[in-house]
Each structure stands twice: as C-alpha cells, then as structure tokens.
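A.B. asks: For reference, the chains in residue letters:
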Amino acid sequence: MDAAGAIARPRATPFWRTPTFRRLVRHRSFMIGLAMFSFVVALAVLAWWIAPNDPNRTAIRMRFRPPQLDRVFLLGTDNLGRNMLSRIVHGAQLSLLIGLGVVLLNTVFGVLLGAVAGYFRKLDGPMMRLADALMAFPSILLAIGIAAALGPSAWTAVIALSVVYIPRTARIVRASVLVVREMEFVQAARASGAGHWRIISRHIMPNCMAPLIVQLSFIFAYAVLSEAVLSFLGLGAPPSIPSWGTMISEGRTYIREAAWLTIVPGCAIALTVLGLNLMGDGLRDVLDPRLKIEQG
Amino acid sequence: MAAQPLLSVRNLRTVFGTMQGEVTAVDDVSFDVAPGEVLGIVGESGSGKSVTALSIMGLLPQPPGRVAGGEILFEGRDLLKLPRSELRRMRGSAIGMIFQEPMTSLNPVFSIGDQITETIRVHERIGAAAARTRGAAAARTRGIEMLEKVGIPSPQRRIDDFPHQLSGGMRQRVMIAMALSCSPRLLLADEPTTALDVTIQAQILDLLRDLQREMGMAIVVITHNMGVIAEFADRVAIMYAGRIAEEGPVGRIFDAPTHPYTAGLLSSTPDLVGEVPRLRTIPGTLPSLYELPPGCRFAPRCDRRVEACESGRPATQEIAPGHFAACIRAREGASA
Amino acid sequence: MGSYIIRRLLQAIPILLIVSLISFGIMKLVPGDPAIVIGGPNATAEEIENIRRNLGLDRPFYVQVGVFYWNLLQGDLGRSLLLGKPVLEAVIERAPITISLSIYAMVLTIVFGISIGVLAALRQNTWIDQVATTFALIGVSLPNFWLGLVMIVLFSVHLGWLPTNSYVEFSDDPVRWLRHATMPSVALAMLQIGLLARITRSTMLETLRQDYIRTARAKGLPEWRVVAKHAMANVMIPVITVVGIILSVLISGSVVIESVFSIPGIGSLLGNAILRRDYTMIQGGLLFVAAALMLLNILVDILYAWFDPRVRYDAGK
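Protein chains in written order, with the working numbering: chain P, 134 to 429; chain V, 7 to 342; chain A, 45 to 361.
Because the hints were derived from the structure by calculation, they are not lab data. Note that beta-carbon positions come from the ideal geometry of N, C-alpha and C, so glycine has one too. It cannot be assumed that every hint is accurate.
What the hints assert, rightly or not - So the derived label-pair ranges between C-beta atoms look like this: (1) P:Arg194 x A:Asn316: 53 to 59 Å; (2) A:Phe105 x P:Arg156: 52 to 58 Å; (3) A:Arg51 x P:Arg331: 39 to 45 Å; (4) A:Trp268 x P:Arg156: 34 to 40 Å; (5) P:Val241 x A:Asn316: 32 to 38 Å; (6) A:Asp120 x P:Ala168: 52 to 58 Å.
As the list claims (entries may be wrong) - If you want a taste of the chain A side facing chain P, the calculated C-beta under 10 Å gives, among others: (7) Ser185; (8) Arg321; (9) Asn341.
Input sequences plus hints: build the corresponding full structure.
C.D. replies: So this is what it looks like as structure tokens:
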C-alpha cells in the first residue's frame, strides 16, 4: 500500500459538502455570473423548443420587424425575414460548443504539456522557448492567421483559438507543478518507489487544480469573444450556421434602419462573457486569492 | 513622581472586527512613561503589545481595527481626540516609531537619503520647529549627520544608496536615523532587534541606549525578549492576552516577580551566571482571543490558582510605589 | 543596465526566429494546393504553374524555408498578390494611421485605466469601488467591434456628434483627426481600460498593505503624499509590464476596428487580405506586426528595468 498516496489523495467527501462549495455559493459575484451563464446554457439546450421556427428560414414579407412583446417576434426579424430569436438561441449553441471545445483541448493539451515541462527538467527549456514564441504573437492575430489559412469553419475556430491559448495554460500548469514537485509528500512518494506517471497523476495534479480551473473559466470567456471576432471577419462558422459574430457582421449594413440586428447579438455575447468573467473572478477569490495580482 | 508623565495611557481598549465577531486585542491597559525614561513592554506574540504601540501612533489598520475606549495623553493632550492633521504632525516630530522588519520597512524604489530628507522637509515645512532646517541642502546635510550618528560608515556616499544595497542591520540603523531626525520626545520601538542577527542585536541596542542618553528622549521598547529588557529598560510592563499582568521597575521585578506569569517568564530564561537548573516552562498556550477564560486570563495555566481567580477580573494591586500586579495572590510573594 | 539591454536583445533573437517560422508555417497550413486556391476556379493549368513557380512552391521544403529567411534578412517580406507591391511597402505606407490611432487609444487606456484603478483602491468597498469595478468588468466583456458599431449608432446616427465616413489623417488636420479618431480609439481602448483598472486596483491594494507604507505614515507624511509618492512609485512598476501586453492587444484589435470604421490602416489592410485570400500579404503582414510588437515589448522591459532601482543598480547580477 502506498503510504504517500494516502497522505496526498484529495478528500473523499462529495463536492457539495466541502467548505469550498459553501464559500462559492456565498460569493455574490460568482452566483450572479453563474446565473447569467446558466441562462445562456439553458437557451442553448432548449433551443429547439424556444425557437419559433428554423433559424435559416427566410420570409421576405416578414423582414425588418423590430422586436416586440410577442412570442414569435420577441427579437424581431432580420433583413431576410429570419427570426432573430431562433438565430440567437441557435447562435448560443454554437458559441457554447466552440467554447467547450477550446476548454477541452486546453485541458487535455495544456495540462499534458505543462505537467511534462514542469516535471521533466530537460524538456522544460525548449518547451518554454516555443511557448514564448507562440505567445509573442498577439493572440487575436495568431488566431486570425491560423483561421485564414485553414479556411472558415467551426473547427477552424476551435483549433485556432486552442493553439493560441494552450501555451498560456501550459505555463500556468507548469508553474504549479514546479512548486508542488518540491513538496515533501512528493519526495516521499518518490522514495517509496512510485513511477513518474503515478507521481504526476496522483500526487502533483490534484494540487494544481485551483489555478487551472480559474484559467479555464477565463479561457471559455475568451473563446466566446474571439469566436465572435472570427465570425465577424468571416473566418468562423459558415453562414449557414447562425453565429452571433456573423449576425453582427450582417446587421452592420442595416445599422441605420434596423439597429437591433447588431445590438441584440452583441448583448448576447456580452451577457455570456460577463457571466463567465464573474464566475472566473469568484472562483479565483475562493480557490486562490493570491492569483489576484497575476491574472488582473 | 511629581512631574507630569510624558505619555499616559489610561484604560486603552482596542478591538478588531473579524468574521467571527469583534475581538479585543488590548483590554483596559494603563501605564505611564516619564520623560527620558525607558519603558519595556514584554509579552508573547499575540499579547497585544504591538497593537498598543500602533494605537498610540494612530497607525492601526483602520477597517478591522479601532480604538474602542480610553485615553492616550501625550504631554497632557489626548491623542485620541486630536484632529487627524494634528496627530499626523506629531508623528515623526514629537513621537517616532521604528518597526520590526528592516527588510521591508523601507521603500525599495527610493534612496535612503530621499526617505530621510523627506521626513525632515515635511516637518520643517509645516513649522514643527524640531527639524531646525531650511531647504533641501540643509536637509541633506542633516540627513548625513543622522546617518553618521547611527553609525553608518561613509555617510556622504551611502546616503544615495537604495535599501536593497544595505544589510539588515544597516537598514535598521537607517530606520532609527529617520525616526530620530526630528528629535522626537518619545520613541516607540516595536521589536527593533528581533529580526536581526544576534551580534547585530547588541550593536543596535547599544546605539539606542547612547542616542537615548544623548537626546534625553523616552523610549517604549516592545519585545518578547527578557534579555533586552534587562539590558535596556528602566521600567517594564508585562502583558498577557491583552492585559497588563505586572508593571514596575526592572530591578525589582527581575529580583522578585509577584505575578505568576512574570515568574514563569523569568524562570524559563536561563541565567548566564551560576548553575543552570533545568529550565521551567509554562504549561499550556495563550488563550484564543475568541474564547477567553472568565476572570484572570492566566488562570488556566497558573500553578497558584484558586477558585476566586476564575470569577471576575483580578484588580490591580500596588505592591510597592510604582510596582503593580494584577493578581489576587500577588502580595503573598511569587513562587520561583 | 547596458548589459541588461544587450542580454534582452540577445534573448529575443531565437524567439524572433521561431516567430518567423510560425508565420511561414501558417501558410503551409492552407489545405490543398495553395496555387490552385490563389489562382481561383477559372485559372488554367499554365497559370497555376506560373503561380507555383513565382511563389517558389515547387521547390523542396527546406529550400522554401531557406529562401524565406534569406528574403527576410534582406527586408523582403514578400509581395502582395492583390496589390502587386511589396508587403513591407504596403504596410509602412499605412503605418502612421494605425500608429496614431494606437497612440490615442494608449493614452486613453493609461489615463482612465490607472485613475479608475487607483480610485477604486483608495475607496475600497464603497460605492465608488463597486461602480468602478463593474465598469471595468463590463469593459472586458464587450466585443470591441460591437462597441464600435453601437457607438456609431449612438453618436453618429442618432446624435450626429461624430463622423463615420472618410478619415482625416493627423498630419493633415489634427482637430478633425481627433473627431474621427475618438470613436475607434475608445472602442479599441475599452477592453484595455477594464484590464488596466483591475490590475492597478489590486496592485495598489497590495502595495498599501506593505510595511514601508506604514513607515511612511509613521514619519508623519500627509496621506496624499504617502499614496502619490510612495505607493504609486511601486504600483507603476508592475503596471509598466502590463503596458506591453496592452499595446499588443490594442494593435491586434485594430484589425477589426479599422474595418468597422473604414480606416485605411494596417489593420484593414490585413482584414482585406484575409477576405481576399492574399496569402503572402497575410503572412508578411502578420510577421511584421508580431516583430514590431516584440521590439516594443523589449523597449517596455528596458523601461521597467530603468524604473526599478533593484534592477538598474544590479546590472549583471
């Protein structure tokens, strides 16, 4: 039996009974953010029920209807008569899925690369050089460059945004690993003969979770924002899939007569990103107040 | 003591607001300091001694901390009732303070000369006559003078150094120079030597003693080290859990402590002379300020306690003129 | 100090190499045959072959890389497929416009970001703090191009205060330039103001807890002096490090903002190149911007080192 494992393993109490959970629930900004984000998630999940009709169905005779208090025309229609409410909720699906994709890729690769760099000293140098070079490119430009090369599609957006942020995630994981690696229970595990992977996965990683979780919530927010930029520039999902960014780009031509075409999708983006940022702030306050300076 | 004391703290109460409620860090503390006298305040960490000094200077961290009662009379004026600008004017010019951590107590981005002359010029500009200088050049000269006085070699060169270029002992000397640059009548020294190497500690104490004699100022030195008190202080007040346990002239208290806590402290400090018996310790630990025992706070750890000790706060008894103890069994003489 | 500068510049070289390699690599990501994509659906086989030869796509990979670096060393960033002129020339032509816009946005960011942050810190937990923090948070959450459009709706269409069409350069008419540049600069700056305010606030709060602040108060310094001199000097140091990042985000944001406001700067040059698949322009333009920003960041690092006496007087440690 691995004595060192018994010391370092995280508690077996269910999450909702831990003091962390209780502190989160009491944190006002976090709960507000959670409410906002959950609202958007609900919209996305229930899209097929909420949407009055197919988001791509054009109806020329109904075009340019301004928003009104009405089940169907709550958010009006656009220049082609497409229902804005439908388009917004379907756009939510896209944004959230892309955000999720970016977060997942970051979790897998960011953790992997960061753990390797932090744990194996010899690989650290060159890996960090590469990371620095990637980070030298301003994030949005790099994403645009990659997306422009790969061609517009939802996958392109996910890949481009992930490439941009994985070095940052890896750095954060690496920083935690560097610290935890020197702690005594790790030395103990090593002394009792545990192999590298066992040490990393069972002892080091559980203690690096806090900054990672905070970073992931900010990445989600960044992904939603950047996806909007990419689709605004025509580099994201093709026009057949409703996307908030594309909607703003399309609405731009009619900004004088039908301002709601641009305003509504932007508010949707702002709501989602704000919710995620509030959650990220709350998580940071509760999980590790020391990060406040670095993250900003 | 016919003359009016320089500093007279009466019934000072300082509280801190915490998530678990309000905590009293200093509970009804009173003591006097005569002009030119050195008073030591001794106690374990958490006994409230630093908080007392900060309360006198008005430097409590304001959101959690506040003075909840009492008076602090300096030269007859109650510092707690002064308008903030008045109090600020007295800081540095009438009352100076030096702190425990020389490594972090100086601003790293300004030269030490800048920081010393700043004190001088601020006080000269607002007419606190003690500075006795006019203009930047004169302030700089005085700064160099002060550095020399505290024993910094080649002060004309070093005055432009930055704090990180100086050792801990040097930085503490600079702190002393800054605090004394306007010749205050009272100096509060909060653990001035605790963070320094043992050899440097002795030097700093010697320096303080020389300066004190030369300038005739009163010093309140706060420490947990009985040795510092023995060397340096005229009188001593021993604090425990926010209250004063015993107060009196150093000689008397060291020879014949009357409060069991004082006795315990002294017997856990080894003598350099004579045979060293097995050191005694005081069993138990300081009580948490959230769960204070009723009555005498030292009672749970005291080997002389009786039932009466747990009911009500022990009254302060005058053992001899100028010697007070807060213990109902004080007059019986302490066990050693 | 001098050795620090040299060290910093030397460190930058390998990174610059990798950065250029990355921009080269981006073009290799184009799926399929780039020559066909560039030629378009109507190109003949001969035209495609020409394109391939012109761009050197028919050579082996390592030769292409070699040619790329060789050209770089001579200052040749390639030739725009659309405009027919060298990328470097096209970029430099438009540089003053983007630079003036960025400077304006930078000034707004620094002035408002720092003041809001300091104000929030000094009035911590009061309503001022809440308002400031909320404002910063919202600023960070808005898509900047959308903000630009909203401002156009509000200030141009409805209120008619500020113009949207055409553009006046700073060198032509500073006052009219100001009117034209205000909305795009605000849109650009909004996110940064939020970021800078948050960082300034937390740095200020942290600094005010330091021992040397307590010493400054114990010396009898007036509170304004404690904050303005002792606290601010220490706050500025980490803030300067953020300035480099802010500049990067500002300039990269101009790609979108310039398109929104029809401003003929480097940003819209790149934006157009993306729309029209002008690959050489994209590659060269990205590299130029990335390299320029790297240089700026080095300058910022040097500035930081100069400000912090612990670094300045310890040169070589």
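A.B. asks: Now tell me, hint by hint, if it's right for this structure.
C.D. replies: Each hint, compared with the structure:
Judged by the Cβ atoms, the range 53 to 59 Å given for P:Arg194 and A:Asn316 is violated: they are separated by roughly 36 Å. Our hint of 52 to 58 Å for A:Phe105 and P:Arg156 holds, since their Cβ atoms are close to 55 Å apart. Judged by the Cβ atoms, the range 39 to 45 Å given for A:Arg51 and P:Arg331 holds: they are separated by roughly 40 Å. Under the hint 34 to 40 Å, the C-beta atoms of A:Trp268 and P:Arg156, about 37 Å apart, fit the expected range.
Taking the beta carbon of each, P:Val241 and A:Asn316 are about 36 Å apart, inside 32 to 38 Å as hinted. At roughly 55 Å, the beta-carbon separation of A:Asp120 and P:Ala168 lies within the given 52 to 58 Å, and the hint holds. Among the interface hints, the one on A:Ser185 holds; its C-beta lies about 4 Å from the nearest C-beta in chain P, closer than the 10 Å criterion. Among the interface hints, the one on A:Arg321 holds; its C-beta lies about 8 Å from the nearest C-beta in chain P, closer than the 10 Å criterion.
Below 10 Å, beta-carbon pairs count as interface contacts, and A:Asn341 has one with chain P at about 8 Å; its hint therefore holds.
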